[in-house]
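*Asks:* Okay, here's what each chain looks like letter by letter:
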Amino acid sequence: GQNIDQPTEMTATEGAIVQINCTYQTSGFNGLFWYQQHAGEAPTFLSYNVLDGLEEKGRFSSFLSRSKGYSYLLLKELQMKDSASYLCAVRDLSGSARQLTFGSGTQLTVLP
Amino acid sequence: NAGVTQTPKFRILKIGQSMTLQCAQDMNHNYMYWYRQDPGMGLKLIYYSVGAGITDKGEVPNGYNVSRSTTEDFPLRLELAAPSQTSVYFCASTKTGTSNTEAFFGQGTRLTVV
Chain A
1 GQNIDQPTEM TATEGAIVQI NCTYQTSGFN GLFWYQQHAG EAPTFLSYNV LDGLEEKGRF
61 SSFLSRSKGY SYLLLKELQM KDSASYLCAV RDLSGSARQL TFGSGTQLTV LP
Chain B
1001 NAGVTQTPKF RILKIGQSMT LQCAQDMNHN YMYWYRQDPG MGLKLIYYSV GAGITDKGEV
1061 PNGYNVSRST TEDFPLRLEL AAPSQTSVYF CASTKTGTSN TEAFFGQGTR LTVV
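Protein chains in written order, with this note's numbering: chain A, 1 to 112; chain B, 1001 to 1114.
Isolated chain A, as found in the complex (with noise of 0.2 Å):
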């Protein structure tokens, strides 16, 4: 099975840097992802990590550690945009199928 951690909620000044973190415990790691959730929306992707260290994308960087079960999302020079929930979620071979397990999201506020 799968568990997985991130704080509940965040809040942060406009044009700071935020990092979320995640922690995570699966028997069959195959990647971690994260997703952006507007309120009312769908959840959009962010983000992919299968092997440790940093993976930039413009504003929003993703660093995963394998033997730590720790990955975080960093945003860069926030927007008002960016207040949203922020989902990270872990692929598991786990089992009979390759499922994607979600943890409760991290929802961040961007303060003027």
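None of these hints come from the bench; they were simulated from the model. Check the hints yourself; a few may be wrong.
[Stated by the list, open to error] The calculated DSS-like cross-link candidates involving lysine-lysine, where the alpha carbons are at most 30 Å apart (straight line), are:
1. B:K1009 <-> B:K1095
2. B:K1044 <-> A:K57
3. B:K1057 <-> B:K1014
4. B:K1044 <-> A:K81
5. B:K1044 <-> B:K1095
6. B:K1009 <-> A:K81
7. A:K68 <-> A:K57
8. B:K1057 <-> A:K57
9. A:K81 <-> A:K57
10. A:K57 <-> A:K76
11. A:K68 <-> B:K1044
12. B:K1014 <-> B:K1044
13. B:K1044 <-> B:K1009
14. B:K1009 <-> B:K1057
15. B:K1095 <-> B:K1057
Starting from the structure of chain A, add chain B where the hints point.
*Replies:* Below, chain B without anything else, positioned relative to chain A:
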């Protein structure tokens, strides 16, 4: 491409009623999923399918049924609706089940059971 399309967007059901949530994708994806999301929570997997004719239970399958007669469609059936099934339902698809394939989501169905 339309991507993943869900209907209806909103629905109110009375306890004991039944309904089908429709999901269709036009990306020729093999894997399809149904999730539910309760307020302030993450997504919980209800059912998934790895291809036409194949379905399997996820984390919270009780009270639901699915079918996958075609690659494109993956309807979710609620029999005897209960208040505990009040939630937002998301359908998603991926090309395969391999690690780097992102999931594409429909816009969600907001269901209230009263």
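*Asks:* Now look at each hint and say whether the structure bears it out.
*Replies:* Hints, one by one, checked against the model:
1. B:K1009 <-> B:K1095: Holds, at about 24 Å.
2. B:K1044 <-> A:K57: holds (28 Å)
3. B:K1057 <-> B:K1014: Given pair K1057 (chain B), K1014 (chain B) holds - Cα atoms ~25 Å apart, limit 30 Å.
4. B:K1044 <-> A:K81: The hint holds at about 26 Å.
5. B:K1044 <-> B:K1095: Roughly 20 Å between the alpha carbons, so the hint for K1044 (chain B) and K1095 (chain B) holds.
6. B:K1009 <-> A:K81: holds (24 Å)
7. A:K68 <-> A:K57: holds (23 Å)
8. B:K1057 <-> A:K57: violated (35 Å)
9. A:K81 <-> A:K57: holds (17 Å)
10. A:K57 <-> A:K76: Judged against 30 Å, a Cα distance of about 11 Å means the pair holds.
11. A:K68 <-> B:K1044: holds (24 Å)
12. B:K1014 <-> B:K1044: holds (23 Å)
13. B:K1044 <-> B:K1009: holds (19 Å)
14. B:K1009 <-> B:K1057: holds (24 Å)
15. B:K1095 <-> B:K1057: It holds: about 19 Å lies between the C-alpha atoms, which stays within 30 Å.
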